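If you're matching them up, the sequences are chains L and U in order.
Here my numbering is used: the first residue of the first sequence is 1, the next is one more, and so on.
Here my numbering is used: the first residue of the second sequence is 117, the next is one more, and so on.
For the record, the hints were derived by calculation from the structure and aren't laboratory data.
All of these numbers come straight from a predicted model, not from anything done at the bench.
For each residue, glycine too, the CB sits at the ideal point set by N, CA and C.
Don't take each hint at face value.
[As the list claims (entries may be wrong)] To give an idea of the chain U side of the interface with chain L (calculated C-beta under 8 Å), a few residues:
1. Leu-161
2. Ala-203
3. Phe-221
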Amino acid sequence: GENVEQHPSTLSVQEGDSAVIKCTYSDSASNYFPWYKQELGKRPQLIIDIRSNVGEKKDQRIAVTLNKTAKHFSLHITETQPEDSAVYFCAAIFNAGGTSYGKLTFGQGTILTVHP
Amino acid sequence: DTEVTQTPKHLVMGMTNKKSLKCEQHMGHRAMYWYKQKAKKPPELMFVYSYEKLSINESVPSRFSPECPNSSLLNLHLHALQPEDSALYLCASSQDGHGNQPQHFGDGTRLSIL
């Protein structure tokens with residue numbers, strides 16, 4: 001079945017530094033990769049996503065890169081702020097045999113702490 | 117502001133009770149999802165409805181029974197739950213069930229089984 005590995009499990013940075021979270025996926029047919037931010041006690045919030053026909057996407061301080069050959073994708077946060085502190089989940093969509101499914105498989109999450 | 121609304125926000129029930137979780141969206145999305153999330157873990161997919169038809173059941177025990185009355189509503193009926201079923205239950209929706217559309221989550225129902 002589909003598997004998504006996420007590293008690191010915890011990440012601590014100083015305000016203003018950059019943060020990078022990496023994920024690898026097992027299904028070469030996966031074609032959609034969202035990233036979610038979840039603050040304590042709140043819902044997962046979609047912050048950026050990328051499709052397999054694109055190698056990089058940027059939205060202000062957040063960027064995502066995708067390497068289809070290596071089957072890995074990464075989240076980059078620049079100029080981190082204390083309010084960026086949260087759990088970040090990567091995910092991949094599993095598609096089987098040409099039939100599309102909405103099965104979103106998540107990585108185990110990264111606890112990001114930004115120190116003022 | 118979340119565009120996916122879940123009720124109730126909190127629910128405490130005994131193992132013999134019957135209760136229902138409700139989810140509503142008015143974004144015109146045609147795919148809706150139930151996820152279960154334990155503390156410090158990622159959401160785990162339970163069910164997917166696409167165009168009001170059940171398209172994925174991730175081998176969920178029959179004590180959880182989903183229902184999609186129309187394209188805007190999704191229910192999860194609960195009966196004879198176990199203490200290990202205590203978790204945050206998240207509903208999500210996406211434009212369609214084709215798998216490469218963003219899924220938007222509600223705030224969840226925090227369920228406690230006594």
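> Is the shortest C-beta separation between Ala-203(U) and chain L less than 8 Å?
Replying inline: Hint violated; Ala-203(U) Cβ to chain L Cβ min 14 Å, cut 8 Å.
> Regarding the hint that Leu-161(U) lies at the interface with chain L, is the smallest CB-CB distance below 8 Å?
Replying inline: Because about 6 Å separates Leu-161(U) from the closest Cβ in chain L, which is inside the 8 Å limit, the hint holds.
>> Hint Phe-221(U) vs chain L: min CB-CB distance below 8 Å?
In response: Holds, about 4 Å.
Checked against the numbered hints above, the structure breaks only hint 2 and satisfies the rest.
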